[in-house]
Every structure is written in C-alpha cells, then in structure tokens.
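Here the protein sequences line up with chains X and U, keeping their order. For the first sequence, my numbering assigns the number 1 to the initial residue and increments by one for each residue that follows. For the second sequence, my numbering assigns the number 1 to the initial residue and increments by one for each residue that follows.
Everything labelled a hint here was simulated from the structure, so no lab data went into it. None of these values were measured; they are calculated from a predicted model. The reader is advised that the hints may include incorrect statements.
Residues of chain X clear of chain U, computed beta-carbon distances all greater than 10 angstroms [unchecked claim]:
| hint | residue |
| --- | --- |
| 1 | Ile36 |
| 2 | Ala46 |
| 3 | Ala60 |
| 4 | Asp93 |
| 5 | Lys102 |
| 6 | Ala138 |
| 7 | Phe176 |
Straight-line C-alpha distance at most 20 angstroms; calculated DMTMM-like pairs for lysine to aspartate or glutamate [said to hold, decoys possible]:
| hint | chain 1 | residue 1 | chain 2 | residue 2 |
| --- | --- | --- | --- | --- |
| 8 | U | Lys125 | X | Glu90 |
| 9 | U | Lys51 | X | Asp180 |
| 10 | X | Lys102 | X | Glu63 |
| 11 | U | Lys125 | X | Asp173 |
| 12 | U | Lys215 | U | Glu29 |
| 13 | U | Lys215 | X | Glu4 |
| 14 | U | Lys125 | X | Asp91 |
| 15 | U | Lys51 | X | Asp186 |
| 16 | U | Lys51 | X | Asp173 |
| 17 | U | Lys51 | X | Asp156 |
Here a beta-carbon is modelled for each residue, glycine too, at the ideal position from N, C-alpha and C.
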Amino acid sequence: MIFETTPSQTVGPYFAIGLPFDVGPLAVPEGTPGAIRITGTIYDGAGVPIPDFLLETWQADPEGRFADMYGYGEVSELPGFRGFARYGLEDGDGTFDILTVKPGLVPGLGDTVQAPHIDVSVFARGMLHRSVTRIYFADETEANATDPVLARVPVDRRGTLLATPTDDGYRFDIRFQGADETVFFDV
Amino acid sequence: MTDEVQTENGEVRTIYDPIADTPTSYLREPEGAHPSLDFEGYKSTALRHPKQPLIYLPQMVTEITGPQLGPVVVGESDHDLTIQHDGEPIGERITVSGRVFDTEGKPLRGTLVEVWQANSAGRYKHRWDRWPAPLDPNFSGAGRCITDNEGRYQFTTIRPGPYPWGNHYNAWRPAHIHFSLMGRAFTQRLVTQMYFPGDQFFPYDPIFNSVRDPKARERMISTFSIHDTVPNWAQAFNFDIYLRGPGATRFEEAH
Numbered sequence: 001m002i003f004e005t006t007p008s009q010t011v012g013p014y015f016a017i018g019l020p021f022d023v024g025p026l027a028v029p030e031g032t033p034g035a036i037r038i039t040g041t042i043y044d045g046a047g048v049p050i051p052d053f054l055l056e057t058w059q060a061d062p063e064g065r066f067a068d069m070y071g072y073g074e075v076s077e078l079p080g081f082r083g084f085a086r087y088g089l090e091d092g093d094g095t096f097d098i099l100t101v102k103p104g105l106v107p108g109l110g111d112t113v114q115a116p117h118i119d120v121s122v123f124a125r126g127m128l129h130r131s132v133t134r135i136y137f138a139d140e141t142e143a144n145a146t147d148p149v150l151a152r153v154p155v156d157r158r159g160t161l162l163a164t165p166t167d168d169g170y171r172f173d174i175r176f177q178g179a180d181e182t183v184f185f186d187v
Numbered sequence: 001m002t003d004e005v006q007t008e009n010g011e012v013r014t015i016y017d018p019i020a021d022t023p024t025s026y027l028r029e030p031e032g033a034h035p036s037l038d039f040e041g042y043k044s045t046a047l048r049h050p051k052q053p054l055i056y057l058p059q060m061v062t063e064i065t066g067p068q069l070g071p072v073v074v075g076e077s078d079h080d081l082t083i084q085h086d087g088e089p090i091g092e093r094i095t096v097s098g099r100v101f102d103t104e105g106k107p108l109r110g111t112l113v114e115v116w117q118a119n120s121a122g123r124y125k126h127r128w129d130r131w132p133a134p135l136d137p138n139f140s141g142a143g144r145c146i147t148d149n150e151g152r153y154q155f156t157t158i159r160p161g162p163y164p165w166g167n168h169y170n171a172w173r174p175a176h177i178h179f180s181l182m183g184r185a186f187t188q189r190l191v192t193q194m195y196f197p198g199d200q201f202f203p204y205d206p207i208f209n210s211v212r213d214p215k216a217r218e219r220m221i222s223t224f225s226i227h228d229t230v231p232n233w234a235q236a237f238n239f240d241i242y243l244r245g246p247g248a249t250r251f252e253e254a255h
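If we strip away everything but chain U, and leave its shape as in the complex, we get:
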C-alpha cells in the first residue's frame, strides 16, 4: 500500500507505506556487494574476521523487526555540526544531504541516520587520535537526524580533512564521513563511509578499495551539487543510500 502526496513544486510523489510494505524477508545480497571480512590490504582484518564459514540464518521475526531510536537519541541541533559550540568550526562549510532508499527505490521514512567525522584538519575528537593536527574547540564531529516522509536527511557540517594512518608506509585515508543507518529492521543495518568526488587518495586506500567492484565503490562517493549549493553560505554534497530491499514474501505469511 502506498500514499501519494503532492510536493511543493506540484510534483506527485509516491510514499512508501511502512506497515503494508514491511517485508517478511530481505533479499540476500550477491557475492561482492560488501567487502570481504578478510581483506589482505587492510591489515587489521587479519585477526578480526571469522575463519569458519558463516551459517545461513533464515530471516524470522527477530531479523525483520527493529527499534525506533530516533526520539531516544536525536537532539534539536544534532543535524547541524556547526552550531554545537559557542563559535563556528574552521573549514569549508558544506551540506550533506540525500535520501535513504531500499533496493526497490522506496524511501525509508523515520529511520535514524548518524554521522561522525574528523575536523577540517583531519583530526578526530577522540582520545586515541594522536596525530599532530589541531583539534577545533568548536567542532565535535557527530550528528544525528531522522529521515522525513520522503526518506530525506540533511546535515550541515564542515568538510573533513584526510589523515594519515598506520596501515602501510605513507598511508592516508581519503576524506570521509562515517554513516550509520538503522533501517527498519535488524537485517537492514548498515555502517558505511561517504567519500568526496575525485579524492587524491582513492587509488591508495585499502578500505575504499576493499569494495572490489568499481561501480559499487562509486556508490560510496557523494556528488557535488551546484544546484543545492547555498549562495554565499555552503557547498552542497548529495549522498543517497540504498539498504537491502524486500524478498518475495510478506510478514503475514510467516505465521
């Protein structure tokens, strides 16, 4: 079941009715949709992946349900990472926005989107980030929001810097923003990273390249939008996110 709504510019959009469309199962993803848990180029995977084969878990009620965390965790200014302190953070002010869909192209409304990132110098406000770039007293680097009826989210932040890490000689992470998506069900849970177009470190980064299919890698790269860029204020980057879509059967049939 779906609703149709008219948007501000007169366009009619179809809204996903979550009750009718909540699936009884989610499509199993093809090999290579996600990185291998054991990826040679990223050294820390060596001791942190299961060696035994995974066992097939049929999706049942525990897997096709999920919590509503939004009201629990989202504060009023959590979507704007530039207004969380007395002063403004240093760096290029940007907006990061997009929509959360399932693989059928249906928007997920009311789902929690969480982000965290380094500051414009590439430093995280975290006890164990010790590389010699300055912390910014006006930037914590964490944000949260809930998608609207069309699956939209939007953050205002500053563009994070790249930073070195210890994986190999002269290793640098491409600039990125971490994203956490709850989806509507345990099965849809996703943690990923959003990159910026044309990053100079793409060819050298094993985390980015752990996704072997170049087209799949592109799905992690935001696009710059002059259309959404706010004059005299902020550059705009768009990043749509696709979570697993429904399998063939409906919830009622599982009883």
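Excised from the complex, chain X in its bound form:
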C-alpha cells in the first residue's frame, strides 16, 4: 500500500437529492420470471425505525453468476439482471422494498460453497461509515449449514441474518442494537 484511503464520512440526511435513481430498487427488471420482493424495516438502538437510511444490495443470480462491471465471476445470462439495488427515500418510513431474484450457490474459498446470500450496505445520518451485513434465506437450511461465513457467526446470532418467507418474497429486518442486534461484518 503506497497511499492511504480517503476516510469515510456520513451520507447525511439529504442524500436523497443525489443518490436514488428510478430503477434503483430493481435488481432485476419488473416482470422477470421468479422475481421476489425483499422487504424489511431498519431499527435504531431505541427500536425506532430509521427513516433516512440508504440501503444497497449486491448479489449473484439464481445460477450463482454475477453482473460484474468487468465480467468477474461467472457472468450472468439472466436478461436485465443488474444484481444491485439501491433504496433510499426523501421521505422514508424506515422500510425498504427491493425487487430481485433469489441468488444461487456461489463459490467460496478453496473447495467451499457459499449458501445463497446478498451483501448489504446501510448508510445513514449518524453513521460515519457504512455498516455491512448479509441476507441469507431461512428456507435454505441445508446450504446454510455448510456456509463458511455463517460458520463464523455465533450460533445464537445466526438467526439475525435469515430472511423469512412472505407471500411474494422474503422479509429481512435490520436492528442496530438490542437483544436481536443484526450481525454486521468487517469486510
């Protein structure tokens, strides 16, 4: 390392004038076969929904392939698949709602295989750096059992990373503090 990184600063309360874009919440185009909605609420340490968060997600497609800008990993062939969603509102109520497809298995280090997962960044006023977590899926019991990242998480906290099935997708709440504090990662 020759240079030092530029330090992080908070996204502040007014990011909505610059960062959201029309199709931001859509990691796949509307009408994509098998599309699911992932919804949830983000809570602060007092259990109050955080209205002014910015959430971003990044993931593989159902075949475990990515839409990487330089074609890394296996390249997704799913039409219109972006694999990235950004959700943040000028007048938010603490909830998010993104449209995507459920990711598939993805290679891990060495011979390991990772369970379906979505990387998540949360930014907000009062957060001097992003917080990173991962969405896993509660109905992927078998894959989750051998996932190399979940294996690093204390058993009694793994549940905070599991999205639960709903009528049209999954629900994933994020809690910054408290008894059910979501697991956050050092990436």
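Knowing the structure of chain X, use the given hints to seat chain U on it.
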C-alpha cells in the same frame, strides 16, 4: 497487465488494465483509517452503531465484484450542476475535479462518481432542510459522472455554503460536497465528503473531526488550483480520492 498511452502533452502514462489487475481481495485497512461508528461528539451515532463486535468476512466473489451503474444513471448534463435549469445558479462558479485511485496509485477507470450538495446559501433542496436560507430555483445540487481512462472526473458547480445543524449549541457544518464512489467492487464502496481549504468551522465540526488523524483529515480537503482556474469563468478545486487497493492474491487463485 497495463497499457501505456501518450497524453496530449507527450507524457507517457500507464493505464491500469482492470481485467488483469482485479484483485481477489482488498487490503484490510488499519485502525483509524475511517471514523469510529460510535463517536461521542456526533450525537446521532449513539443509536445508530452496532454494539456487538463486527465479524470478520473473508472476501470472496461477492465482495470483489461490483455493478456497472454508469450507463444506467448518468445523463448528458449530469456533470455540470450549473446548467440543469433555465437560469444559472447564484454563487461562486467552481470546477471540482480529480482522479480516483486505489491505494497502489492505480487509477480506476469507468467508475461512477456521484455528488450532492447545498446551494451557495447553505440550503439543500430537500424536504427536511428547513433552515431559513433561500432555495435557488436554478440549483438542484446533484451531479454524476464516470471516470475516464485515467481515473479522472470533473464537475462544474457553485461553491456550497456552510449551514447550521442541531448537534450542539451554535453548530455549523463546514462547507462540503458529498461524494459517493462505487469503485470496482463491493469492498471498495465509499461515501465521503469533500471540504474546502481553510474552512473556519473545521475546529468545531465533530463529523470532520471524527477522523482522528490530522493527516487523514487532510485527505478530505480539496486544494485550490490557480493553474486549473479558468480565467474569467471558474475557480478550480482539486480532489483526488483513494479507494482500497488489492491484497496479495489474484482472482484465479480463489477457485
């Protein structure tokens, strides 16, 4: 792998080949490279930081890849915040330009740079900014561009004003422009703020001072350039941005 290109003034520059050089991991940053998530002077951090220790996430394919958002979000006049309305915004016209590098000093090309800011009176065009400074009908305060082959970006805008906020008695934010960088991978994602040299509010601002190392704080301050200043048109500020650089191994070895 790299390419060499000759620039307009005859200088030969080395261009980063993104395919060959995309790393399998990014260097872990030293303690203090970024602010603490729990910073006493900035009150809103109290309920908005994790209390449990972060868990180490090995960087794998999800972390070393990232989207190409540029073509999706960047419009033709998005790099010029002074031409987005019928009239010109009020304030000091400035250019803000620089290069995006990784910590090896290699430029990141084709990466998305997004900015947003207050107007010259220090007011944001946002529903919840209610302090009594005027809005400018000719200024929205948001811009986007994609870095060129040398990692360069450039915006034309007006210099934002400082503004008060409620953190403590008589609290004012130093004038700043918010920056969002996608980098080339999830791991490189950065949101920061660019400040102006010599701001009178530096000593009093907990957000600026949440970066404890004075040298690291300097990396958030732009420099004025008389060389780049356009005569009879716009003052120039330069701001180079450094994102995390590669770790030791290459992608192919991760399989």
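Each hint, compared with the structure:
| no. | hint | in the structure |
| --- | --- | --- |
| 1 | Ile36 | holds (18 angstroms) |
| 2 | Ala46 | violated (5 angstroms) |
| 3 | Ala60 | violated (7 angstroms) |
| 4 | Asp93 | holds (13 angstroms) |
| 5 | Lys102 | holds (14 angstroms) |
| 6 | Ala138 | holds (19 angstroms) |
| 7 | Phe176 | violated (6 angstroms) |
| 8 | Lys125/U <-> Glu90/X | holds (10 angstroms) |
| 9 | Lys51/U <-> Asp180/X | holds (11 angstroms) |
| 10 | Lys102/X <-> Glu63/X | holds (9 angstroms) |
| 11 | Lys125/U <-> Asp173/X | violated (30 angstroms) |
| 12 | Lys215/U <-> Glu29/U | holds (15 angstroms) |
| 13 | Lys215/U <-> Glu4/X | holds (10 angstroms) |
| 14 | Lys125/U <-> Asp91/X | holds (13 angstroms) |
| 15 | Lys51/U <-> Asp186/X | holds (13 angstroms) |
| 16 | Lys51/U <-> Asp173/X | holds (17 angstroms) |
| 17 | Lys51/U <-> Asp156/X | holds (16 angstroms) |
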